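For the protein sequence lines, the chains are A, B and C, in the order given.
Note that this note's numbering has the first sequence beginning at 1, numbered continuously upward.
Note that this note's numbering has the second sequence beginning at 1, numbered continuously upward.
Note that this note's numbering has the third sequence beginning at 1, numbered continuously upward.
FYI, nobody ran anything at the bench for these hints, they're computed from the structure.
What you are looking at is a predicted structure, and each value in this text was computed from that prediction instead of being measured.
Idealized CB from N, CA, C, for every residue including glycine.
Hints should not be assumed to be uniformly reliable.
[To be verified] A short, non-exhaustive set of chain B residues, derived as facing chain C with CB atoms under 10 Å:
id, residue
1, M1
2, K4
3, R64
4, G108
5, P109
6, A131
7, L141
[Stated by the list, open to error] Restraint-style ranges between C-beta atoms, simulated for each label pair:
id, chain 1, residue 1, chain 2, residue 2, range
8, A, E28, C, E216, 29 to 37 Å
9, A, E81, C, E216, 31 to 39 Å
10, C, K204, B, G108, 48 to 56 Å
For reference, the chains in residue letters:
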Amino acid sequence: MLLYSDFWLLFLRLQIIPMSKNSENNTEWPLWEVFYQPKDGKPFEHAGSVHAPDAEMALQNARDTYARRNEGIAFWVVPSEQITASTPEDQGPFFDPANDKPYRHPQFYSVPRAVKKRK
Amino acid sequence: MLAKMADGTPEQKKMAQDAVNRWWWPTLMMFGPHDTDSPNSAELIKWGVKTKTNDELRQSYVDRTVMEAEAIGVELPDPDLTYNEETGHWDFGEIPWDEFWSVVKGDGPMNRERIKARRKAYEEGEWVREAALAYTRKKKLKEEKAS
Amino acid sequence: MSTFDTIPQTKQDALVEILLRLADDRLIHGHRLSEWAGHGPELEEDLALANVALDMIGHAASLYSYAAELEGKKDEDYYAYFRDDTDFKNIAMVELPKGDFAFTIARQFLFSAYSYFLYQELIKTVDDEQFNGMLQKHFKEIKYHLRHSREWVLRLGDGTDESHQRIQDAFDEIWMYTGELFDMDDADKSAVEKGLFVDVESFKNDWKNLVNSTLEEATLTVPDYDQYMYSGSRQGRHTEHLGHLLAQMQFLRRSYPDAEWK
């Protein structure tokens, strides 16, 4: 069932998207990113996006689109425009490991003997 | 379901066979154009988006389906379908690509009907989408006034 | 068992009667909702309505299956496809044409609210284990149907002038079909005595309160509860719409009655 509805969604989306560009007064609903927690305690994963006029409908649409048969799944919905993403240019300075900066690593610092004894 | 019908009443058998006749070639077309006509394939394989080429996938599909069709008792509408001892694969006939390209370009009658129906639904649904947005706006204003 | 005013004698007869009433409501309502596929006002709403339709038809299928078991019919298809409109026990509200989006939402809201309170009571009362188990399973989805339709009543009622007018018209039009939700005939009463149904008066006020508060919040006017109300559907006296619906729904299955489909 999930596979079929994925295909159906894609099919409908492909047909509807060209049309939204033609509408003058924009009644297109804002886009929301959907994150879901597959099981209690597990990290939230990005599931995809939905259009919705507000948060309550975004939650409902998320459930219909991404979790129809699975109960006990938790959802987060966030307006897509609220998400700030890093750019590919940021990658160097943001994500380079600090191997040449030894003072960044906890092992650099030695615990004074007196503190060790207390433990 | 197809298996059930192919094993059923004469009318069901006919329905099942008609469906296979209608959908066999379009199904093969769904794997995409021949590798030689597929300009993006090399790039997609390089990046790992595709792991097999269109023709490779199509061939393995044909090989598998010939056996399944035989098992459930429907005929595949391709007189050129023959087993190739050398390659170990089933050779099949030339795909009627004209139909594929006109569907992709949006020229089929069902295309026109579908697009018309989607446009109509979209236009007729405008008041609904508008209402939902109006409600959200009003709610926001109320919340701002209250704070 | 014939449809017209026969009181079920045995507990099993009563159980089958209730199962079929619930199932017919859901099958017909589900069918009307499924007519939106591909025609929804937005992709996500298309999916939402299809999901509700699927839920309802699924509920109908399990209720029919149990009835089939009890009556020695082959399977649920018998009830869905081989009965004529005079044998169907659904209320008239669910067989009305789908109308515009406002009409569909108004109907879904009124029916889901009713189902919500009905199931809540049934789960406490019904002493048939298999039936009760089904009710508990279905209840989770009914809560969702109510939530979905209620949120839309608010948005349409308190949206634009156009949406407000449309949903007000919808409630005005459908109102005379709400009486049937709370009609209790002798068959119902017999089922209550046998521990298989509940007195719907017990939750009528809860339903009214929810309807009133929702419509009020949506800036809508609640129609008159004491106006003329349609009746007779449960006993097989349907509107003209059911005949057309069944013709479309049953045609293929009836053309090849001996064929197996699954």
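Restraint outcome when A131(B) is required to lie within 10 Å of chain C by C-beta distance:
holds, 3 Å
Can you let me know if the beta-carbon spacing of K204(C) and G108(B) is within 48 to 56 Å?
holds, 54 Å
Taking 10 Å as the limit, does the beta-carbon of R64(B) come near enough to a beta-carbon in chain C?
violated, 23 Å
Hey, does the P109(B) contact hint survive, CB to chain C under 10 Å?
violated, 17 Å
Does K4(B) hold up as a contact with chain C if the rule is Cβ-Cβ below 10 Å?
Cβ of K4(B) sits 6 Å from chain C, so the hint holds.
Evaluation of the interface hint that places M1(B) against chain C, nearest CB under 10 Å
holds, 7 Å
Verdict for E28(A), E216(C) (Cβ pair) under range 29 to 37 Å:
With a Cβ separation near 31 Å, E28(A) and E216(C) satisfy 29 to 37 Å, so the hint holds.
Interface hint for G108(B), Cβ within 10 Å of any Cβ on chain C:
violated, 17 Å
Is it true that the C-beta distance of E81(A) to E216(C) lies inside 31 to 39 Å, as the hint says?
holds, 34 Å
Status of the hint placing L141(B) at chain C (closest C-beta pair under 10 Å):
Violated, about 12 Å.
The structure fails hints 3, 4, 5, 7 (numbered hints given earlier, in ascending order).
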